[in-house]
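Produce the entire structure from the sequences given, and follow the hints as far as they go.
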Amino acid sequence: MSGLRERWRLKAMRAIQERALDLFDERGFGAVTIEEIAAAAEVSPSSVYRIFGTKEGIVVADEFDHMSPETLESLLDPADPVGSLVRAVRAYESSPGPGEGPQTGRGPWRRVRYFFAEPSVRMAVCATLDRAGGRISPLIAATGEVSETQARVIANALAFGYFAALEQWYLDGGDRPIADYVEEGMRPLRAIWSTPAGDHPEPLSGPRSGSG
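Following UniProt numbering, the numbering of the sequence shown begins with 1 at its first residue and continues without gaps.
Hints listed in this document are in silico derivations from the structure and should not be mistaken for laboratory results. Be careful, since some hints might not be right.
Using C-beta positions, here's what the derived DEER-type ranges look like [unchecked claim]: (1) Asp62 <-> Gly30: 19 to 25 Å; (2) Asp180 <-> Ser47: 34 to 40 Å; (3) Trp8 <-> Thr143: 32 to 38 Å; (4) Leu72 <-> Ala12: 18 to 24 Å.
Glycine included, each C-beta is placed from N, C-alpha and C at the ideal position.
Right under this line is the structure:
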(Lines of atoms letter the chains of each structure in order from A and count residues from 1; the text may use other names and numbers.)
(Lines give C-alpha, C1' and ligand atoms only; values in the text may rest on other atoms or scores of the structure.)
Protein backbone atom coordinates (compact mmCIF):
# COMPACT_ATOMS: atom_id res chain seq x y z
CA MET A 1 0.00 0.00 0.00
CA SER A 2 2.81 2.40 0.85
CA GLY A 3 4.27 1.82 -2.64
CA LEU A 4 0.95 2.69 -4.24
CA ARG A 5 0.67 5.84 -2.15
CA GLU A 6 4.20 6.87 -3.11
CA ARG A 7 3.49 6.37 -6.81
CA TRP A 8 0.30 8.41 -6.47
CA ARG A 9 2.18 11.16 -4.63
CA LEU A 10 4.88 11.28 -7.30
CA LYS A 11 2.31 11.37 -10.11
CA ALA A 12 0.39 14.16 -8.36
CA MET A 13 3.62 16.08 -7.72
CA ARG A 14 4.57 16.01 -11.38
CA ALA A 15 1.07 16.99 -12.54
CA ILE A 16 0.91 19.96 -10.15
CA GLN A 17 4.42 21.08 -11.12
CA GLU A 18 3.53 20.97 -14.79
CA ARG A 19 0.38 23.04 -14.36
CA ALA A 20 2.25 25.48 -12.12
CA LEU A 21 5.03 25.94 -14.67
CA ASP A 22 2.40 26.56 -17.36
CA LEU A 23 0.98 29.39 -15.25
CA PHE A 24 4.40 30.79 -14.25
CA ASP A 25 5.52 30.84 -17.89
CA GLU A 26 2.30 32.55 -18.94
CA ARG A 27 1.86 35.13 -16.18
CA GLY A 28 5.03 35.25 -14.11
CA PHE A 29 5.90 33.53 -10.83
CA GLY A 30 4.71 36.32 -8.54
CA ALA A 31 1.31 36.72 -10.20
CA VAL A 32 0.15 33.12 -9.64
CA THR A 33 -1.46 31.84 -6.44
CA ILE A 34 -1.51 28.32 -5.05
CA GLU A 35 -5.30 28.36 -5.36
CA GLU A 36 -4.97 29.00 -9.11
CA ILE A 37 -2.38 26.23 -9.42
CA ALA A 38 -4.67 23.82 -7.59
CA ALA A 39 -7.58 24.69 -9.88
CA ALA A 40 -5.43 24.17 -12.98
CA ALA A 41 -4.21 20.80 -11.66
CA GLU A 42 -7.74 19.80 -10.57
CA VAL A 43 -6.72 19.19 -6.97
CA SER A 44 -7.53 20.97 -3.72
CA PRO A 45 -5.29 23.77 -2.43
CA SER A 46 -4.76 21.67 0.70
CA SER A 47 -3.26 18.92 -1.46
CA VAL A 48 -0.79 21.40 -2.95
CA TYR A 49 0.19 22.65 0.49
CA ARG A 50 0.50 19.09 1.81
CA ILE A 51 2.81 17.97 -1.01
CA PHE A 52 4.89 21.13 -1.47
CA GLY A 53 4.36 23.41 1.51
CA THR A 54 4.90 26.62 -0.45
CA LYS A 55 4.74 27.98 -3.97
CA GLU A 56 8.54 27.97 -4.07
CA GLY A 57 8.44 24.32 -3.05
CA ILE A 58 6.51 23.50 -6.22
CA VAL A 59 9.46 24.63 -8.34
CA VAL A 60 12.16 23.12 -6.13
CA ALA A 61 10.67 19.72 -5.26
CA ASP A 62 12.14 16.60 -6.81
CA GLU A 63 12.43 12.91 -6.01
CA PHE A 64 15.72 13.31 -4.10
CA ASP A 65 14.08 15.03 -1.14
CA HIS A 66 11.81 12.02 -0.60
CA MET A 67 14.33 9.32 -1.48
CA SER A 68 14.70 6.54 1.06
CA PRO A 69 18.10 6.11 2.77
CA GLU A 70 18.49 2.76 0.99
CA THR A 71 17.87 4.29 -2.44
CA LEU A 72 20.20 7.19 -1.70
CA GLU A 73 22.93 4.81 -0.59
CA SER A 74 22.56 2.82 -3.80
CA LEU A 75 23.04 5.98 -5.89
CA LEU A 76 25.97 7.50 -4.02
CA ASP A 77 29.30 5.72 -4.19
CA PRO A 78 31.24 7.08 -1.18
CA ALA A 79 34.47 6.06 -2.92
CA ASP A 80 33.56 8.25 -5.92
CA PRO A 81 30.85 10.75 -4.90
CA VAL A 82 31.73 13.15 -7.71
CA GLY A 83 31.32 10.43 -10.31
CA SER A 84 28.06 9.38 -8.64
CA LEU A 85 26.78 12.95 -8.83
CA VAL A 86 27.71 13.34 -12.50
CA ARG A 87 25.96 10.05 -13.34
CA ALA A 88 22.86 11.14 -11.41
CA VAL A 89 22.74 14.45 -13.29
CA ARG A 90 23.08 12.69 -16.64
CA ALA A 91 20.25 10.34 -15.65
CA TYR A 92 18.13 13.35 -14.66
CA GLU A 93 18.74 15.02 -18.00
CA SER A 94 17.76 11.86 -19.87
CA SER A 95 14.52 11.49 -17.87
CA PRO A 96 12.35 14.55 -18.61
CA GLY A 97 10.68 16.24 -15.69
CA PRO A 98 7.37 18.13 -15.67
CA GLY A 99 6.61 19.73 -19.00
CA GLU A 100 9.94 18.62 -20.47
CA GLY A 101 10.99 16.32 -23.26
CA PRO A 102 11.22 16.12 -27.06
CA GLN A 103 7.47 16.18 -27.44
CA THR A 104 7.26 19.58 -25.75
CA GLY A 105 10.51 21.09 -26.97
CA ARG A 106 11.31 21.94 -23.35
CA GLY A 107 14.25 20.89 -21.21
CA PRO A 108 15.48 21.49 -17.65
CA TRP A 109 15.71 25.23 -18.41
CA ARG A 110 11.96 25.60 -17.99
CA ARG A 111 12.10 24.77 -14.28
CA VAL A 112 15.70 25.56 -13.36
CA ARG A 113 15.62 29.16 -14.59
CA TYR A 114 13.26 30.00 -11.71
CA PHE A 115 16.01 28.93 -9.29
CA PHE A 116 17.96 32.00 -10.34
CA ALA A 117 15.28 34.37 -11.64
CA GLU A 118 13.26 34.37 -8.40
CA PRO A 119 15.08 35.19 -5.12
CA SER A 120 12.54 33.34 -2.97
CA VAL A 121 12.96 30.20 -5.09
CA ARG A 122 16.75 30.47 -4.78
CA MET A 123 16.39 30.53 -0.99
CA ALA A 124 14.20 27.43 -1.14
CA VAL A 125 16.78 25.66 -3.30
CA CYS A 126 19.52 26.48 -0.79
CA ALA A 127 17.42 25.00 2.01
CA THR A 128 16.98 21.84 -0.08
CA LEU A 129 20.72 21.65 -0.72
CA ASP A 130 21.38 22.02 2.99
CA ARG A 131 19.14 19.02 3.65
CA ALA A 132 20.89 17.10 0.88
CA GLY A 133 24.28 17.76 2.46
CA GLY A 134 22.93 16.48 5.76
CA ARG A 135 21.84 13.23 4.13
CA ILE A 136 25.06 12.70 2.19
CA SER A 137 27.46 13.48 5.03
CA PRO A 138 26.89 10.26 7.07
CA LEU A 139 27.46 8.12 3.97
CA ILE A 140 30.85 9.74 3.38
CA ALA A 141 31.77 9.60 7.07
CA ALA A 142 30.91 5.88 7.18
CA THR A 143 33.89 5.08 4.94
CA GLY A 144 36.24 5.95 7.82
CA GLU A 145 38.51 7.82 5.41
CA VAL A 146 37.63 11.26 6.77
CA SER A 147 36.40 12.73 10.04
CA GLU A 148 32.77 13.71 10.58
CA THR A 149 33.71 17.37 10.18
CA GLN A 150 35.48 16.66 6.90
CA ALA A 151 32.53 14.55 5.71
CA ARG A 152 30.17 17.44 6.40
CA VAL A 153 32.39 19.88 4.50
CA ILE A 154 32.74 17.47 1.57
CA ALA A 155 28.98 16.79 1.46
CA ASN A 156 28.19 20.50 1.34
CA ALA A 157 30.90 21.07 -1.25
CA LEU A 158 29.15 18.47 -3.40
CA ALA A 159 25.66 19.88 -2.85
CA PHE A 160 26.47 23.57 -3.23
CA GLY A 161 29.16 22.89 -5.83
CA TYR A 162 26.44 21.31 -7.94
CA PHE A 163 24.35 24.46 -7.49
CA ALA A 164 27.27 26.67 -8.56
CA ALA A 165 27.75 24.56 -11.69
CA LEU A 166 24.02 24.75 -12.37
CA GLU A 167 24.11 28.53 -12.08
CA GLN A 168 26.96 28.75 -14.59
CA TRP A 169 24.91 26.55 -16.93
CA TYR A 170 22.03 29.03 -16.52
CA LEU A 171 24.24 32.09 -17.07
CA ASP A 172 25.64 30.53 -20.24
CA GLY A 173 22.15 30.06 -21.65
CA GLY A 174 21.60 26.37 -20.93
CA ASP A 175 22.79 25.11 -24.31
CA ARG A 176 25.22 22.44 -23.11
CA PRO A 177 24.35 19.50 -20.83
CA ILE A 178 24.23 20.35 -17.13
CA ALA A 179 26.34 17.27 -16.40
CA ASP A 180 29.23 18.76 -18.42
CA TYR A 181 29.27 21.77 -16.09
CA VAL A 182 29.05 19.57 -13.01
CA GLU A 183 31.89 17.35 -14.21
CA GLU A 184 34.09 20.35 -15.03
CA GLY A 185 33.29 22.23 -11.85
CA MET A 186 33.77 19.23 -9.56
CA ARG A 187 37.10 18.22 -11.09
CA PRO A 188 39.20 19.81 -8.29
CA LEU A 189 37.25 17.81 -5.70
CA ARG A 190 38.20 14.52 -7.36
CA ALA A 191 41.70 14.93 -5.91
CA ILE A 192 40.23 14.03 -2.52
CA TRP A 193 39.51 10.52 -3.76
CA SER A 194 42.48 10.13 -6.11
CA THR A 195 44.99 9.23 -3.39
CA PRO A 196 46.08 5.58 -3.77
CA ALA A 197 44.47 3.15 -1.34
CA GLY A 198 46.34 3.01 1.94
CA ASP A 199 47.85 6.46 1.47
CA HIS A 200 44.92 8.48 2.80
CA PRO A 201 45.88 11.04 5.41
CA GLU A 202 44.59 10.54 8.94
CA PRO A 203 41.26 12.32 9.58
CA LEU A 204 41.80 15.65 11.24
CA SER A 205 40.93 15.49 14.92
CA GLY A 206 38.87 18.11 16.66
CA PRO A 207 39.90 20.25 19.64
CA ARG A 208 40.91 18.16 22.64
CA SER A 209 39.94 19.11 26.13
CA GLY A 210 42.62 19.06 28.80
CA SER A 211 45.53 19.36 26.39
CA GLY A 212 48.34 21.74 26.88
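Status of each hint after checking the structure:
In this structure, Asp62 and Gly30 meet the distance hint of 19 to 25 Å, their C-beta atoms being roughly 22 Å apart. Between Asp180 and Ser47 the beta carbons are some 37 Å apart, a value that agrees with the proposed interval 34 to 40 Å. Our hint of 32 to 38 Å for Trp8 and Thr143 holds, since their Cβ atoms are close to 36 Å apart. The hint said 18 to 24 Å for the Cβ distance between Leu72 and Ala12, and at roughly 22 Å that hint holds.
The structure agrees with every numbered hint stated previously.
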